[in-house]
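Each protein sequence line maps, in turn, to chains S and H. Numbering of the first sequence is given in numbering that gives the first Met the number 0, commencing with residue 0 and proceeding in unit increments. Numbering of the second sequence is given in numbering that gives the first Met the number 0, commencing with residue 0 and proceeding in unit increments.
Don't read these hints as lab results, they were simulated from the structure. Any given hint could turn out to be false.
A pair counts as met if it fits within one copy or between any two copies, since identical chains are not told apart.
[Stated by the list, open to error] Restricting the straight-line Cα-Cα distance to at most 25 Å, the calculated cross-link-like pairs of lysine to any residue (SDA-like) are: (1) K40 / D139; (2) K50 / L118; (3) K40 / G77; (4) K120 / I106; (5) K120 / E25.
As the structure is a computational prediction, the values presented were derived from the model and not from experiment.
There are 2 protein chains.
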Amino acid sequence: MSRWKPDAAGRLIKAALALFDEHGYEATTVAEIAARAGLTKRTFFRYFADKREVLFGGSEELQELLVTSVAGAPPEAGPFAAVEAGLDAVAAMFTERHPFARTRARIIATNPELQERELIKLESLAEAVAGALRDRGVPDHAATLAAQTGITVFHVAFGRWVAQDDPAALGRLMLESLEELRALTAV
Amino acid sequence: MSRWKPDAAGRLIKAALALFDEHGYEATTVAEIAARAGLTKRTFFRYFADKREVLFGGSEELQELLVTSVAGAPPEAGPFAAVEAGLDAVAAMFTERHPFARTRARIIATNPELQERELIKLESLAEAVAGALRDRGVPDHAATLAAQTGITVFHVAFGRWVAQDDPAALGRLMLESLEELRALTAV
């Protein structure tokens, strides 16, 4: 029996990101990730279904926070205000994940399959938000538009956030993107 | 030699859609599609790489029309007005394709792989539109926001268009979605 290893998942993520970054995503194996983390393949598979999941494992948590925050917005909040409440909560969650998010974004940019996976994840997020809005009584059409637009704002601001140095900037960047979107569609 | 068969591509599309609709997309083979169209598999592969391409073959044409129309908008048009010019041109093109689009949407809704392909196609459209806007001198960030939002409006209106009976309604539905988006984000 190996001795107790604290935070195995965190160490596997750190090892995987370092290897993806050094040798490329495709060239890296699960065995190498486990070895770099000082753990076994068996331990890896206790936390992740495959190496791709190291990059996308946080999706459920993000979706749950977003949906809960949209649902929990004040009853008088309109559809888009409810989406903004969700995005605010998400921005706060991401601040401490800036170093991870930056490396992750760099790795995803190198691989079309990962880019597609990211796109599909964003679409699930938009669908989950639309569902949360419908549960608030928002008509289907408005719910879809508000949710899709909110995720567009999130996506664009996220891209700017990982390209700059301030970990706490995501909320401000989302607000800026939203203001810019308003100005763009107003004319 | 078989006798001359006019509009082989059109007949293959018609046969494929009928079979996808009757037996399901996955259960349908290229041999069956060719047979239903009165053509050979060899002829099928002259027009389409695989059966999925029957549903996505029009993408390049759509993208080219969109990009050309965004590029050709009056120089004084703002980013979103240029995107709207592109969407108008696309709406006109789609009117005569309403029956095809309806059946196609029904088939895509049955298959997650096709839904992912559709999503990726929409993302390429948005990227192509953003590129056309950057070529007009629009800054990167505004170009991405305007393009992504324009494609969201297109996507939502398209979903409503295939769910109703008027083939000429796409332009009006896009305008309605855009108005609704303005109202949603204005508060």
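Here's how the hints hold up against the structure:
1. In this homomeric assembly, K40 and D139 never come within 25 Å of each other (Cα to Cα): the closest approach is 45 Å inside a single copy and 43 Å across copies.
2. Both within a single protomer and between protomers do K50 and L118 lie at most 25 Å apart by alpha-carbon distance, with minima of 18 Å and 24 Å respectively.
3. Taking identical chains as interchangeable, the C-alpha atoms of K40 and G77 are never at most 25 Å apart, the minima being 48 Å within one chain and 55 Å between chains.
4. In the homo-oligomer, the alpha carbons of K120 and I106 lie at most 25 Å apart both inside one protomer (16 Å) and across protomers (22 Å), since each shortest distance falls under that limit.
5. In the homo-oligomer, the alpha carbons of K120 and E25 lie at most 25 Å apart both inside one protomer (20 Å) and across protomers (24 Å), since each shortest distance falls under that limit.
Of the numbered hints stated above, those contradicted by the structure are hints 1 and 3, listed in ascending order.
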